[in-house]
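> Each chain, written out:
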Amino acid sequence: MSHKALSPPIYGLIAEFDTATELVEAAQAAYAAGYRKLDAYSPFPIEEASEAIGFHKSRVPLVVLLGGLLGGLSGFGLQYWINVIAYPLNIGGKPYDSWPAFIVPTFEMTILFAGLSGVFGMFALNGLPMPYHPLFNVDRFARVTRDKFFLCVEAADPKFDVVDTQRFMESLKPLSIEEVPH
Amino acid sequence: MREGPEEKTILQDVAWPDEPPVMEPGQTYDTVTDQIADAVLKRPIGLGWLAGLFIAMSLVALLGAAATYLFLRGVGIWGIEVPVAWGFAIINFVWWIGIGHAGTLISAILLLLKQTWRNSINRFAEAMTLFAVACAGMFPVLHMGRPWLAYWMFPYPSSMGVWPQFRSPLVWDVFAVSTYATISAVFWYVGLVPDFATMREKASHPYTKAVYGILSMGWRGSARHWKRYESLYILLAGLATPLVLSVHTVVSFDFAISILPGWHTTIFPPYFVAGAIYSGFAMVLVLAIPIRHYYGLENMITMRHLQNSAKVMLATGLIVAYGYAAETFIAFYSGSTYERFMVENRWFGPYAVFYWMLILMNILLPQILWVPRFRANTKILFGISLVILTGMWLERFVIIITSLSRDFLPSSWGHYAATRWDYAVLAGTIGFFSAAMYIFIRIMPAISIFEMRQLLPESEVKAK
Numbered sequence: 030m031s032h033k034a035l036s037p038p039i040y041g042l043i044a045e046f047d048t049a050t051e052l053v054e055a056a057q058a059a060y061a062a063g064y065r066k067l068d069a070y071s072p073f074p075i076e077e078a079s080e081a082i083g084f085h086k087s088r089v090p091l092v093v094l095l096g097g098l099l100g101g102l103s104g105f106g107l108q109y110w111i112n113v114i115a116y117p118l119n120i121g122g123k124p125y126d127s128w129p130a131f132i133v134p135t136f137e138m139t140i141l142f143a144g145l146s147g148v149f150g151m152f153a154l155n156g157l158p159m160p161y162h163p164l165f166n167v168d169r170f171a172r173v174t175r176d177k178f179f180l181c182v183e184a185a186d187p188k189f190d191v192v193d194t195q196r197f198m199e200s201l202k203p204l205s206i207e208e209v210p211h
Numbered sequence: 036m037r038e039g040p041e042e043k044t045i046l047q048d049v050a051w052p053d054e055p056p057v058m059e060p061g062q063t064y065d066t067v068t069d070q071i072a073d074a075v076l077k078r079p080i081g082l083g084w085l086a087g088l089f090i091a092m093s094l095v096a097l098l099g100a101a102a103t104y105l106f107l108r109g110v111g112i113w114g115i116e117v118p119v120a121w122g123f124a125i126i127n128f129v130w131w132i133g134i135g136h137a138g139t140l141i142s143a144i145l146l147l148l149k150q151t152w153r154n155s156i157n158r159f160a161e162a163m164t165l166f167a168v169a170c171a172g173m174f175p176v177l178h179m180g181r182p183w184l185a186y187w188m189f190p191y192p193s194s195m196g197v198w199p200q201f202r203s204p205l206v207w208d209v210f211a212v213s214t215y216a217t218i219s220a221v222f223w224y225v226g227l228v229p230d231f232a233t234m235r236e237k238a239s240h241p242y243t244k245a246v247y248g249i250l251s252m253g254w255r256g257s258a259r260h261w262k263r264y265e266s267l268y269i270l271l272a273g274l275a276t277p278l279v280l281s282v283h284t285v286v287s288f289d290f291a292i293s294i295l296p297g298w299h300t301t302i303f304p305p306y307f308v309a310g311a312i313y314s315g316f317a318m319v320l321v322l323a324i325p326i327r328h329y330y331g332l333e334n335m336i337t338m339r340h341l342q343n344s345a346k347v348m349l350a351t352g353l354i355v356a357y358g359y360a361a362e363t364f365i366a367f368y369s370g371s372t373y374e375r376f377m378v379e380n381r382w383f384g385p386y387a388v389f390y391w392m393l394i395l396m397n398i399l400l401p402q403i404l405w406v407p408r409f410r411a412n413t414k415i416l417f418g419i420s421l422v423i424l425t426g427m428w429l430e431r432f433v434i435i436i437t438s439l440s441r442d443f444l445p446s447s448w449g450h451y452a453a454t455r456w457d458y459a460v461l462a463g464t465i466g467f468f469s470a471a472m473y474i475f476i477r478i479m480p481a482i483s484i485f486e487m488r489q490l491l492p493e494s495e496v497k498a499k
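Just so you know, the protein sequences line up as chains A and B, in that order. My numbering numbers the first residue of the first sequence as 30 and each following residue consecutively. My numbering numbers the first residue of the second sequence as 36 and each following residue consecutively.
If you're looking for bench data, these hints aren't it; they were derived computationally from the structure. One thing to keep in mind: the hints can contain errors.
The calculated EDC-like cross-link candidates involving lysine to aspartate or glutamate, where the alpha carbons are at most 16 Å apart (straight line), are [as the list claims (entries may be wrong)]: (1) B:Lys77 x B:Glu236; (2) B:Lys497 x A:Glu77; (3) B:Lys497 x A:Asp47; (4) A:Lys86 x B:Glu236; (5) B:Lys497 x A:Glu51; (6) B:Lys497 x A:Asp168; (7) B:Lys497 x A:Glu207.
Next comes chain A alone, as it looks inside the complex (with noise of 0.2 Å):
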C-alpha cells in the first residue's frame, strides 16, 4: 500500500475495449475480482454490462409510479374541488360530482405527473446535469460516443490500488489503460 501514498490523488483507472462483448466480459470479471466501485462506459444501452457491475435494479419504475399516483389524485382532487366546494355549477341538471367527466382530465394528469417525474427521477438519479466528470479528462474517453467501451475502476474503491489494479486490468487485454486524474 506505500505507493498509494506517493502516487497523486487519481479518480480510478480506465481500460478501453473494442466490443461490447468484451467490456462485459472484463466487467464481469472486475466484479468477480471484488472490485465494486466500477462502472461500464458504452455508446449504446447493453443490458448485461449494468448486470455485470451489480447494478440489477433502477428506481424509476417507482418515481414514475409516485408520480403518476401524485398526478391521478390531483387532477381528480382539483376537479373534485373546484365543482362540488369551490365553484359548484349546475350544468344541465347534473350533478356536482360528475365523476365521469372527469376521467378525462384525470387519466391526462397521470400520463402528465408520471411522465415528467420519470424524466426528472432519471436525470436526478442518474446526477445529471454534470457539466464536469473527472472521466473527461482522459482524450481517448470522447470515444465512447462513438464506437468505444470502457471499464473504469474508481480509486475510491476499498480494494482498489493503483499497481495491483493496473496488473489485474492487463490481464482483461484491454485497448489502452489510462489514469483518470481528477
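On the provided structure of chain A, position chain B as indicated by the hints.
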C-alpha cells in the same frame, strides 16, 4: 447483416428474406455516427435548403400578418358565421393534431412492439409530432377571439373566483393536448441526450461544442445511467401509448359529445385515431422521401421503412373506410330523419363535391398501395401521401362544415365559405411546420445515432 438468425437486427430480414433490409449491410459504429452527425456538423448549407427555408419563412411571415390582422379585427375576418362557428380553425386543429400521431406511434408503440426498424425514423417523426402539435395548438388560441386570455383555459386560482367547466370536452382538450405536447417534447429530448453527447465530442467549433455539451447534460454513457435511461424510455413509451390514443379520442369527443347529426356518433374515437395515424404516416413519407434523398440516407431509411409505412397507411385507411361505412349505415339504420338527412346532405348537398373528393382521395386512390410495385416507387408513395393528407383535411371539412351548416331546423341553416385569411392561416402553419423541419434537420441528428448503433450486429453481446 444477414449472418444468422441469432443476430438481433436481422430477425426481420430472416422472417421476410424478400423484403429490402432495414439497414444496408456494411455499416459500423463509425459509419452510422459520421453519416448522421456530419449531415449537421460538416455538410455545407445548400442553395436548395436555403430556398426551401426562404419559402417556408415567407409563409411564417404570412402567418404573422394574418394573426396580427386577426387580433386587430377579430374572428370576423374569417368565414365563420352562425351556424358555422367552427370553420377552418377547428378543421386545421384536428388535422394537425392527427398528423402528430404517427410520430408517437412510431416512437412509442413500435418500440413496445419491438419493431426495431423504427430506430431510423423515430427521431424526425417525433420532431414532426412536436411541430404538428405546435401548429395545432395555435388554432384554438387564434379562434378564441380574445387570444390574450388563452390562459383562462387552465385551472388556476384567479381573483375572479371562476374555474373552468370540467364537464366540457373543450376543457378535456386543453388537458389532452397540453399533456401530449409536453410528453412528446420530453420523450424527444430524452432520446436526443446521448446523441447530443456524440455531437459534443464530434463538434470542432468551441461554441458548437458548448451548446451540444449543455444539451447533452454531460452524458457519459455509464452503464448505471443507461440502465435508468432504458427503464425510463420504455416507461415513457408505455405512457405515451395510451396518451396518443386518448388525444384524438378526446378531440373526437369535441364532436361526439354534442347532439348534432354527423357528430353524435360512438364510432368517432376509433375512427379519429385511425385517421390520425393514417395522415401521420402520410406526413412521415412526405418528409422521409425527400430527406433520405437529399441527405443520402437511403442506406438507413430504406425501402423497408417506406413500404412498412405504406402498409400502415393501407391498414388505417381501411379502418377509416369502415368508419365512413358505419356512419352511413347507422344514419339509415337508426331511423332518425335528421341522421338520414345528414348523409343525404353529404352526398348531394352544397358541399357534396368535397365529400366525393374525400372518398376518392382517402379511400379509392390509396388502394393502389396493395400493389407491391407501387409501394416500391418513391414517387408514387410521395404522391399518394399528399393525396391522403388532402383527403384527411377534407374529412374534417366534411364533418365540421356539412353538419354545422344544416342541422335540425331549416330556418337556422347557413352557408360557409372560407376567406383569404382562413387560407392565409392554413398556409402559414404549413410554412411554420416546414420551417421548423428545415431548421431541425440542420441542427440536430435527424436519425437516432445510438439506436442505429444498436441495430448493428456487433452491438450484440455474445455469451461465452
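> Output the indices of the hints that this structure fails to meet, ascending.
4, 6, 7
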